[in-house]
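Peer 1: Here are the chains, one letter per residue:
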Amino acid sequence: MRLPLFLLLAFCLAAPAARAQDPKKEIEKYQRMIADSSPAELFELQGEELWKKPQGPRKVSLQRCDLGLGAGVLNGAYAGLPRYFKDADRVMDLETRLLYCMTTLQGRDGAEASRAAFGTADRPSEMEMLSAYIAGLSRGVRLAPGAAHSREKAAYALGKALFFHRAGPWDFSCASCHGETGKRIRMQELPALGKPEYARPVVATWPAYRVSTSEMRTMQWRMNDCYRQMRYPEPEFASDATVAIITYLTVNARGEPYRGPGTKR
Amino acid sequence: MRAMLFFAAVVLSSPVLSQDVTEVLKRDFHARGQATMDRVDQDALQFACTKFTDKPPAELAKLLESDQMKTIVFPAGSLVGDWKRGEAIAQSGRGATWSDPKNAPAGGSCYNCHQLSPQEASYGTIGPSLLRFGKLRGNGPEIQKYAYGKIYNAKAYNLCSQMPRLGYSGTLTEQQIKDLVALLLDPESPVNK
Amino acid sequence: MTVQAVAALAAGLLLPLRALAAWNKEAFQAKTAADALKNLGIASSAESKDVLIEAPQIAENGAVVPIEITSNVPNTKSIAIVIEKNPFPLAAKFDFSEGAAPYVKVNVKLGESSLVRVLAEAGGKFYSASKEIKVTIGGCGG
Amino acid sequence: MAEPMKIRTTLKGDSADVRVLMVHPMETGLRKDASGGIVPIHFIQEVTVKVNGKLLIEGQISQAVSRNPVFSFRLKGVKAGDKLEIAWLDSKGERSQIETVIA
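Protein chains in written order, with our numbering: chain V, 37 to 301; chain H, 266 to 458; chain X, 13 to 154; chain G, 438 to 540.
The set of hints was computed from the structure by calculation and includes no laboratory data. You may find that some hints are simply not true.
[Claimed, not checked] Here's a subset of chain V near chain X, in silico, CB distances under 10 Å, partners left out:
id, residue
1, 62
2, 67
3, 68
4, 69
5, 74
6, 75
7, 99
8, 100
9, 102
10, 105
11, 109
12, 110
13, 295
14, 299
15, 301
This structure is a prediction, so every number in the text was calculated from the model and none was measured. Note that the Cβ used here is the ideal one computed from N, Cα and C, for glycine as well.
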């Protein structure tokens, strides 16, 4: 837990808050203001350095990594993910592809690289900084994940099935919270992610700086933490299951101009 | 069981089978902390609710609801505990995740989905508002039993409810559920003020 | 608009900066708003419509609460931000010289819902404005 | 890796909006780490803004400023090409500074 103790205390004691005039409007204002004064760009800068930094046993940078548009082409690449990659014979999202490049180009150990995929406020992870940098180079580009290849279609179908699959001690599916429109958890409005109009603004702003933990968070992290709160066991980083849900969500958001990395509560 | 016949009828029409998803979960997920791998095994109601996207045929729902009703263990004596402790349990969203210590007391996550005390402005809306619950529905033995049962196993009353089976899953103890019943029904509880 | 990105040199390699005026330890370590103000030399202040606070009325998370302050009081020399319910209420004080507008936007932490007071100094007098900001309990808990 | 700072300036007539992003933990001394130990207090105390060597803004701040601080300031009577320097000093005596040209 990384919240200051005094914040935690405030949460536990739950001082009754008087009702504001229009809570929804005020929360939107809060969201606008935090987006306006977000340190997200710092992570993009650090990601750029990492992209160019020689690392691993082969002491090479990631600059020859092919994110779908050719080796080293970054502009607009994020908006085309997830997609099927012939060389790996898999559908991959950004993080899965970066992990692939770390192991194949840089000669790094995959298990080691994926263990450190989620950073802390004190130690942001490489994956988070690289994701911020690469996603930032798709700003303004419409999301166009792969949806034509049979493997891409299979990933979408699996993602959709996972989205509605109920299990775990609390019987949750993703749709338990993100199935219906107009619902919220506490004060947080819940996007009904199966519907394009709700998926679009969400998917177009991840990865995102989370102010609650002062960390840059990625889509793989978002999947991981949802499953934690759904009371499931932990999904493997960059697994077919997580890539499938990300594919499902991104296809639902297709056509939306990317405008991240965003800033969230 | 008769229910299995229902499943067989629709299984073939679905693009990705529920059983296949379970296999994917078994392959791509791993145990962490108290979240062990047996959690991905679906029971009959999870299977049915997935299969019918939460709208099971009435007959099947009735059948499975009665199975769930049998799981509820009503304690002897009063079902009404202390609403003050109940309020704290309702506020807490902790428990049962891989990051929660196994033996630490869990919360009920009630405010995540329900409005309860009018003083708490930060409440969710996935479930119905429970503001003035006891005032509107009384606090006699019938409603006490209903409230206890509903918290213990919400699926006994509505098969594909999104509300967790808080007693059945071992999330909340008997005493904690009694305290939540008090939060709902006690005339002194802020819910009824 | 331009964006300049420059990685700062690692600490220690820098030439020494000009000695900065001492951080007002007494004021910043004061545990009440009244003590903080006393240590800033603020005995009294007048409410003023010329001191503007732009901030959300509800913050979804107390760890980051954006606050934008503008003083339209002529010749404003400084702006102080006091968060009454924080363990150490004084959050910041900015001194402005000729060439800087008495304006600042900064993200602050609120331990709980609190009154935020801003004091602007001009011509040896203090002008104030305040705003109540509520911190809500967020998300799925845990 | 050197911790970056980032400045964005927007010149409108003879006034410039300046936004600066800093990497700093801004520890309150109240936070516990994963193992339950208290993370020692560590925060930026002073921030200075200079134009062409002249000190225009001097900020003293506390641990109540959010992690990875972001400040916006407004400068008057400036023009394209003016040299802008922003520096911070923290409670451990560590410093960082960045220099750019207003444009």
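Peer 1: All the hints need checking, so say for each whether the structure fits it.
Peer 2: Here is what the structure says about each hint:
Because the closest C-beta pair between residue 62/V and chain X is about 4 Å apart, less than 10 Å, the hint holds. Because the closest C-beta pair between residue 67/V and chain X is about 7 Å apart, less than 10 Å, the hint holds. This hint holds: residue 68/V has a C-beta 8 Å from the nearest C-beta of chain X, less than the 10 Å allowed. Restraint check, residue 69/V versus chain X: the minimum CB separation of about 4 Å is within 10 Å; hint holds.
Here the hint on residue 74/V is kept, as its CB sits about 9 Å from the closest CB of chain X, short of 10 Å. Checking residue 75/V against chain X by beta carbon gives a least distance of about 9 Å; that is within 10 Å, so the hint holds. Checking residue 99/V against chain X by beta carbon gives a least distance of about 18 Å; that is not within 10 Å, so the hint is violated. Annotation: interface hint on residue 100/V violated; nearest CB of chain X at approximately 24 Å, more than 10 Å.
For residue 102/V, the suggested interface contact is broken, since its CB lies about 26 Å from the closest CB of chain X, more than 10 Å. The interface hint given for residue 105/V is violated, since its Cβ lies 24 Å from the closest Cβ of chain X, which is over the 10 Å cut-off. Hint status for residue 109/V: violated, given a least beta-carbon distance of 21 Å to chain X, over 10 Å. Because the smallest distance between the Cβ of residue 110/V and any Cβ of chain X comes to about 16 Å, over 10 Å, the interface hint for this residue is violated.
Given the 10 Å rule on beta carbons, the hint for residue 295/V is violated: about 16 Å separates it from the nearest Cβ of chain X. With a cut of 10 Å, the hint placing residue 299/V at the interface with chain X holds, because the nearest CB-to-CB distance is about 9 Å. Annotation: residue 301/V was flagged as interfacial toward chain X, and the flag holds, the nearest CB pair being 4 Å apart, inside 10 Å.
Checked against the numbered hints given earlier, the structure breaks hints 7, 8, 9, 10, 11, 12, 13 and satisfies all the rest.
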